[in-house]
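As given, the protein sequences belong to chains A and B, one line each in that order.
Residue numbers are given in full-length UniProt numbering: position 191 of the first sequence equals residue 191, and the series is strictly consecutive.
Residue numbers are given in full-length UniProt numbering: position 93 of the second sequence equals residue 93, and the series is strictly consecutive.
Keep in mind that the hints were calculated from the coordinates and are not lab data.
A virtual CB, placed ideally from N, CA and C, is assigned to each residue, including glycine.
Incorrect hints may have been included.
Stated by the list, open to error - Label pairs and their in silico Cβ distance ranges:
{"hint": "1", "chain 1": "B", "residue 1": "Lys180", "chain 2": "A", "residue 2": "Asp292", "range": "34 to 42 Å"}
{"hint": "2", "chain 1": "B", "residue 1": "Gln64", "chain 2": "A", "residue 2": "His228", "range": "28 to 36 Å"}
{"hint": "3", "chain 1": "A", "residue 1": "Glu62", "chain 2": "B", "residue 2": "Leu175", "range": "53 to 61 Å"}
{"hint": "4", "chain 1": "B", "residue 1": "Trp140", "chain 2": "A", "residue 2": "Lys168", "range": "53 to 61 Å"}
{"hint": "5", "chain 1": "B", "residue 1": "Ala47", "chain 2": "A", "residue 2": "Gly227", "range": "32 to 40 Å"}
{"hint": "6", "chain 1": "A", "residue 1": "Gly178", "chain 2": "B", "residue 2": "Gln242", "range": "52 to 60 Å"}
{"hint": "7", "chain 1": "A", "residue 1": "Pro243", "chain 2": "B", "residue 2": "Gln170", "range": "51 to 59 Å"}
Stated by the list, open to error - DSS-like mimics (lysine-lysine), calculated; alpha carbons at most 27 Å apart, straight line:
{"hint": "8", "chain 1": "A", "residue 1": "Lys259", "chain 2": "B", "residue 2": "Lys259"}
{"hint": "9", "chain 1": "B", "residue 1": "Lys141", "chain 2": "B", "residue 2": "Lys168"}
{"hint": "10", "chain 1": "A", "residue 1": "Lys150", "chain 2": "B", "residue 2": "Lys259"}
{"hint": "11", "chain 1": "A", "residue 1": "Lys150", "chain 2": "B", "residue 2": "Lys150"}
There are 2 protein chains.
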Amino acid sequence: MFFIIGLGLSDERDVTLRGLEAIKSSTRVYLEAYTSILMVQKERLEAFYEKTIILADRDMVETQSDEILFNADKEDVSLLVVGDPFGATTHTDIILRARALGIPTRVIHNASIMNAVGACGLQLYNFGQAVSLVFFTETWKPDSFYDRIKENADLGMHTIVLLDIKVKEQSEENLARGRKIYEPPRYMSIPLAVSQLIEVEQSRLSGTLSPDTTLAIALSRVGGGNGHQRIVAGTLTELSQQPTEVFGDPLHTLVIVGKRLHHLEVDYAQEFAVDKHNWRKVAKEVYGCALDN
Amino acid sequence: MFFIIGLGLSDERDVTLRGLEAIKSSTRVYLEAYTSILMVQKERLEAFYEKTIILADRDMVETQSDEILFNADKEDVSLLVVGDPFGATTHTDIILRARALGIPTRVIHNASIMNAVGACGLQLYNFGQAVSLVFFTETWKPDSFYDRIKENADLGMHTIVLLDIKVKEQSEENLARGRKIYEPPRYMSIPLAVSQLIEVEQSRLSGTLSPDTTLAIALSRVGGGNGHQRIVAGTLTELSQQPTEVFGDPLHTLVIVGKRLHHLEVDYAQEFAVDKHNWRKVAKEVYGCALDN
Chain A
1 MFFIIGLGLS DERDVTLRGL EAIKSSTRVY LEAYTSILMV QKERLEAFYE KTIILADRDM
61 VETQSDEILF NADKEDVSLL VVGDPFGATT HTDIILRARA LGIPTRVIHN ASIMNAVGAC
121 GLQLYNFGQA VSLVFFTETW KPDSFYDRIK ENADLGMHTI VLLDIKVKEQ SEENLARGRK
181 IYEPPRYMSI PLAVSQLIEV EQSRLSGTLS PDTTLAIALS RVGGGNGHQR IVAGTLTELS
241 QQPTEVFGDP LHTLVIVGKR LHHLEVDYAQ EFAVDKHNWR KVAKEVYGCA LDN
Chain B
1 MFFIIGLGLS DERDVTLRGL EAIKSSTRVY LEAYTSILMV QKERLEAFYE KTIILADRDM
61 VETQSDEILF NADKEDVSLL VVGDPFGATT HTDIILRARA LGIPTRVIHN ASIMNAVGAC
121 GLQLYNFGQA VSLVFFTETW KPDSFYDRIK ENADLGMHTI VLLDIKVKEQ SEENLARGRK
181 IYEPPRYMSI PLAVSQLIEV EQSRLSGTLS PDTTLAIALS RVGGGNGHQR IVAGTLTELS
241 QQPTEVFGDP LHTLVIVGKR LHHLEVDYAQ EFAVDKHNWR KVAKEVYGCA LDN
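When you get a sec, could you build the whole thing from the sequences and use the hints?
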């Protein structure tokens, strides 16, 4: 059996009992580690699960999946995935490949940022489509995400913005020279994400995002315990002015608040607001929320 | 500490290790059992977790939450929730109440239908807002969900339709007479859901849903193992014509496929199609998917 097992969001104890059983029964255990990260290292997972873990990079999962799937019709093989197996496109590819090879597959679900984002207090059913924001370079600033945020915003829906992570990337020079030297991993931070959003708004000028009157909520290390998880709410300007330490280590996720904002959502997220008074003021005056004060 | 613990979707082994630890440490353990259900009974959870479980109905969670929260600043108390704690509004209420009482709270996330729906092969980031479909009666057919599906459809996005469940409901007569006699639980099935959708389309006539050319995917018991989970794809007409056994026991969830459908989504879900040929034909000719055949 080929298992694809969601590990959840935080550390080695977020696996489900069903997932742990599958890991224990497996002769080979792979960890996909390029679309997301846990808050702990591979070695800690290995010690806890009492299994050697093979790191699977993008190449291995996307183009050399037969290596992972080898013999999985006769023995148990597990691919561990941070969050839930259906968070990223690549895992449907490997399941399709397993199907073509006649290998039975079982998916073991877990929390992912796509549902745990509810921790910020906004209701999941008020979210529109999700968008991804990549690191801009001098010459490459893909901004189609802006159209998606606008579509959601026009309907009053919230948008989850998934922030880029760069793992095992080569510099242009090393790529050109065919040198397998990799850059240190990079994770987009909230202040950078907000500045990129504002940069695009300033070129598109549709008024979808307004630095001082668009509310947003930043989430860091969702699912982590006290002292790890952090949620910060405010206008885009307020979030961009926070020192980096406020958000702490990766991963970060940003939510753009839509106009269908409900007063209970305002109440819940107020706890996380940089400036509680301004949070309520903007919610009331700009978003039109029915608030007592 | 007050723990709200997601149990995941299927049975007692879908709890996370972190969740199980919290349950074990708790002096009282409540199970919220009116917005969703597991595939196993309370007794099986009790035996497995080695804890007595107190069933918490809507009244207790929404209006008598102080009973659940009693003493939780001094000892550990757990509220178990099917799926993830942020699937339903009511859990933000009890967290707000805990906050007001100064009780420290920890949420332990898990899979919910809101992310595990990816099992049908449609990409999560292509879903718009979620909608709920309630049981129609002769005199009460609330159809505002239709506007939400139309908003999503106009943008080409998929829609997850959460189907009504009725647990511990009183008949009008018993309610009027103040008799605490409850009806047997009811769970909306796929064929009923489809017939209600078509009924609303026939009165609204916006063309958002077309029995023969709108594709949809039915999911039953997501997260259950082989023989439990079932996924069935087809046009609305095809789904409505399936015998009830095809979908099996509750819970059922329906996805309306949006026009931004990608050919990889078609390929993946084809495995589940009632009629693979027609699935591809509609995807190609009506949805405009770039398919080879």
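Which numbered hints fail: Failing hints: none at all.
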